[in-house]
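With the hints as constraints, model all of the structure from the sequences given.
4 protein chains.
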Amino acid sequence: MIRIAVLGAGRIGRIHGRNAANHPDARLVAVADPHAPSAQELAAATGAEVASLDSVVERPDVDAILVCTPTTTHADLIERGARAGKAVFCEKPVDLSSERIESCLATVEKAGTPLMIGFNRRFDPNFASLRRRLAEGEVGEVELVTILSRDPAPPPVSYIATSGGLFRDMMIHDLDMARFLLLGDEPVEVHAVGSSLVDPAIGQAGDVDTAAVLLKTARGRIVQISNSRRATYGYDQRIEVHGSKGMIRAGNVHRTTVEVATAAGIAADPVQDFFLERYAEAYRAELGAFLAAVKAGTACDPTGHDGLKAQRLADAATESAQTGKPVRL
Amino acid sequence: MIRIAVLGAGRIGRIHGRNAANHPDARLVAVADPHAPSAQELAAATGAEVASLDSVVERPDVDAILVCTPTTTHADLIERGARAGKAVFCEKPVDLSSERIESCLATVEKAGTPLMIGFNRRFDPNFASLRRRLAEGEVGEVELVTILSRDPAPPPVSYIATSGGLFRDMMIHDLDMARFLLLGDEPVEVHAVGSSLVDPAIGQAGDVDTAAVLLKTARGRIVQISNSRRATYGYDQRIEVHGSKGMIRAGNVHRTTVEVATAAGIAADPVQDFFLERYAEAYRAELGAFLAAVKAGTACDPTGHDGLKAQRLADAATESAQTGKPVRL
Amino acid sequence: MIRIAVLGAGRIGRIHGRNAANHPDARLVAVADPHAPSAQELAAATGAEVASLDSVVERPDVDAILVCTPTTTHADLIERGARAGKAVFCEKPVDLSSERIESCLATVEKAGTPLMIGFNRRFDPNFASLRRRLAEGEVGEVELVTILSRDPAPPPVSYIATSGGLFRDMMIHDLDMARFLLLGDEPVEVHAVGSSLVDPAIGQAGDVDTAAVLLKTARGRIVQISNSRRATYGYDQRIEVHGSKGMIRAGNVHRTTVEVATAAGIAADPVQDFFLERYAEAYRAELGAFLAAVKAGTACDPTGHDGLKAQRLADAATESAQTGKPVRL
Amino acid sequence: MIRIAVLGAGRIGRIHGRNAANHPDARLVAVADPHAPSAQELAAATGAEVASLDSVVERPDVDAILVCTPTTTHADLIERGARAGKAVFCEKPVDLSSERIESCLATVEKAGTPLMIGFNRRFDPNFASLRRRLAEGEVGEVELVTILSRDPAPPPVSYIATSGGLFRDMMIHDLDMARFLLLGDEPVEVHAVGSSLVDPAIGQAGDVDTAAVLLKTARGRIVQISNSRRATYGYDQRIEVHGSKGMIRAGNVHRTTVEVATAAGIAADPVQDFFLERYAEAYRAELGAFLAAVKAGTACDPTGHDGLKAQRLADAATESAQTGKPVRL
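Going line by line, the protein sequences match chains V, P, D and B. Numbering follows this note's numbering, in which position 304 of the first sequence is assigned residue number 304; successive positions increment by one, without gaps. Numbering follows this note's numbering, in which position 68 of the second sequence is assigned residue number 68; successive positions increment by one, without gaps. Numbering follows this note's numbering, in which position 169 of the third sequence is assigned residue number 169; successive positions increment by one, without gaps. Numbering follows this note's numbering, in which position 280 of the fourth sequence is assigned residue number 280; successive positions increment by one, without gaps.
Hints listed in this document are in silico derivations from the structure and should not be mistaken for laboratory results. Some clues are possibly wrong.
Heads up, the list lumps identical chains together, so a pair's fine if it works in one copy or across two of them.
To be verified - No more than 25 Å apart at the CA atoms, straight line, and that leaves these computed lysine to any residue pairs for SDA-like:
(1) Lys245 to Gly206
(2) Lys245 to Glu138
(3) Lys92 to Gly246
(4) Lys309 to Glu189
(5) Lys295 to Glu141
(6) Lys110 to Arg80
Keep in mind the model is a prediction, meaning the values are calculated, not measured.
In structure tokens, the structure reads:
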């Protein structure tokens, strides 16, 4: 039984905390959050106890910590957990600075403790199935990857300002997905463009809300990613890979399978529009993979280095969009 | 070069006349219609001459006639054509009376001339492909056949009164399709129900506008057919066959492939709503098959006997719906 | 907190037991099953205690019982539960004999206790959404209902022999669904045909494995249902309703959204092939509805009378298929 | 009646020649091709006469010429036609050199004669419907355009060598489509990457076979285009536009609507794999639009300037892919 503490009882902490509490190989021991009512509510719902953020990392009755606190605290908590010998699962990103990620990973490497980064989409059953079939060669060699992700609505401008920008905050998921689908062939050339088309306030805050990236890998494969902070029709998450033997894609998940035909046409339901609903199963599978690796003593995947590489791609995209020039890695 | 005369220059006569005129193996020689302007218009558009209905059947410079006149004239014209040694293509049905069809077919048989009945849906590329794959065993043995057909809007009540009723006028196409898909296993038990739900005037005229039939074949296979005289979303024409090794179906043809996603859902275009558009390619292929058989001296398919068998099923369905009892064949 | 005992810890008892244990308004108090290991396993997993089937129905610390035992015991357990003042949730059917169902319902009525019958498909999110939109008039008046249900593989022949036959064992779900979708307009005429096409042993056991039913309602609406005990492509569960203003349908749930395009075509994943997976959410919602009604003291839905009416339709279909004649209700 | 001469009786000349011959407002007068049998065959099939390429442009009994000869002859023939007062329809591109296009357009402008460039995809019913609905504001402001086009198989390497390269030969259609969909907002920044992944011989010939372009417009809109010279599953032609109020897309046209479900999944037919089949209706509508403009004396659309602008984008993409740097226009 792996004893777990969850750090941060916000939206994503509640998800991981409940999944840990329901997992047959885990027990949720403690919940920590500076906002006491959040910690108490999650603790009550899961039978865990409330603990202070300061003390919980080093507790001897905790085997693993789930870092679900604000981004600025991630690297420190990972390092403290590693030094205390804990297995650490941390939500992306490790830090908004690649340098800080590097020093953090060095600490973890020295400690020799497990670290897994929360790129949840790798565990979505649809995308995981696509990746498995890709790796099995079902469509031959990967040639062109198209990844598309659109949020239902932009976050508050106040959040935008501290988010690191669209490429680091939102597109980082797609950049990790691109690496996941390229099966080891790393992007070496990054072209990015971005605009503020959804909300001028986002542009005034120095960020973009609509963006696309064009990547070329060491072996000449091509990746296209596009993002928008707003999609009227739901949370749009799609992948398509063109290979030498065929094409494979994974589409959206609709709310129901109901369709209505009238003189206006045949209408399917909108796609699920909330990421916690769309990726509920992904979060479960993700925590399951972390716990399985910890239990078996095998390597966590995705690793801290996956987090670093996605961050470097996001840095490159940010620079390219700002300078209008491609960045080579 | 097969020399053709088209009898009847209405909606369907114009289709067959133009297809004959455009066919590399045929020449449209003459157009006959009691309504002179219709005959003249089609003749002008195709380079054919206008002829009288009385004289055209026996003309020595005509090899084949296309009977596109009102139903009540079909059997007589077929017989005259056969006696004159012409190949005859006749729109369904041969007659509203099965007895009259039988005597007509006897005349044709005696003459030994080709006769093909216009069950155009057999030649629709979608349905023809389904049938070919079915015959090749792609889904194993046929077990359950579901055929669905819905008109965009009911015909005038004046037409209904002389149509022979929904089962003979509309469902006959589906009954023929059922036989086509059963690959030789004939229906022996017919259950039918019908209602007037679309327009009370149809009920007052003694007919139904919504109906379904349940058939059982000699070998125990089951067929379901449903019809409605009105579908707000277009001309709905679908087939599904459940077999021992899988399921095969052919869906509707949409106006375009455009889809629009908004908060209301994902909407595809309505289906094509006019039978002449939906089955344009079927009519071309149908006439092509007739001409190919005439040219090669091989048997026409579907035959007059297919027309008769479909009619008997329609008679049985009409009786069953009226008496509330199944009819055995 | 509603205190629950689950009677029967087989496949379906485990589903309901776990759903009860996870529900915020319920506590699973006891599990009873003559097969001790099954009872122990479910009890251990949910924190409930093991109890004897004999004693559990009358226990004072139990408010509601979930009857998940073999069909032959249902009516007795319902009556005992009702007499003991318990709310009862019972899997379909109440009994294979309509007469026994009637006497059982009379007992429940006298007791004035809540009884809900487990027609789980009413609670499937897809079908429930379809029904809600139908009731809201989105496609106008219901005219033609088509329900299709196909099992991945037939049950053992030994089960078939005691099942009451396909119409009572399998199609009863579709017959209930038909009533659910007809919004109060009851079927009055039942035509059924059945064949043994999947496995001759099923025919030898006196049952059919492929069947279809044609219903006509008091107001002339038409229902088509078809069943097969085997579908190579998964658990096929579809509904389509043609209404005066349009058509609404609910399709299958595929395993993933992945599609692969090759020279062979564009292939989507097979549909989910296990009913416990396909209807997992339906079972949760169903128990939730039962608990909500018990908590609020409102009427359970579907009621025992819904169970009786579906059973009578199944009886009628069985008779019609055997005699070759329609049955009027 | 517009009197037409077709110049070039190859694959595309035959299409336009037959469409002209079948058009009610046109008469195909003459067919010219240095390869006499090709000219004779098309002339025989359409009732036109064979003429020499040299003489046909200036013939007084010709009102309009359709230029379907090799690219290197286009600009000269356009100029000769314009000087002779003919309306000219010319297949894309006017020339592989933007400078030559400019001088050619100057000549046409001086002559004041109609010139239309053959960007056939604008006339595809699916794409035309999408564009019309876009222009009507159905999805609000255009924000992100994704265009995808994949050929079934690469052309011979010998053709590649004289084609001007993938961006000018193949992607020019998509670049024109991008401009068509942007409703007047012109691309000002072009990023391109290309690789030879399909066939090394294409790379050795100095070209790429897999490529993508990222465009940014004057108003900040973003366009993604991707091309492959090979798709195992057919001729893949798709468009998707993300707008402020929704998303609109147009998908592929499948060979039939047939779907087969087995344990392997649900398989739809491959997409149509030949451009002459996929765009048959587009070619008809395109010639119809040319003839309608000539008849009415209104402006042709797309114009020679559309041809020039697409060519400049293709030049920019070619340069960007070669230098690894974006090109600003």
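Structure-based check of each hint:
1. Lys245 to Gly206: between (43 Å within a copy, 24 Å between copies)
2. Lys245 to Glu138: The answer is both: 7 Å in one copy and 24 Å across copies each meet 25 Å.
3. Lys92 to Gly246: Answer is neither: 33 Å inside a copy and 29 Å across each miss the 25 Å cutoff.
4. Lys309 to Glu189: within (13 Å within a copy, 28 Å between copies)
5. Lys295 to Glu141: Neither, since 34 Å and 50 Å both go past 25 Å.
6. Lys110 to Arg80: Within. Shortest intra-copy distance 12 Å satisfies the 25 Å Cα cut-off; inter-copy 67 Å does not.
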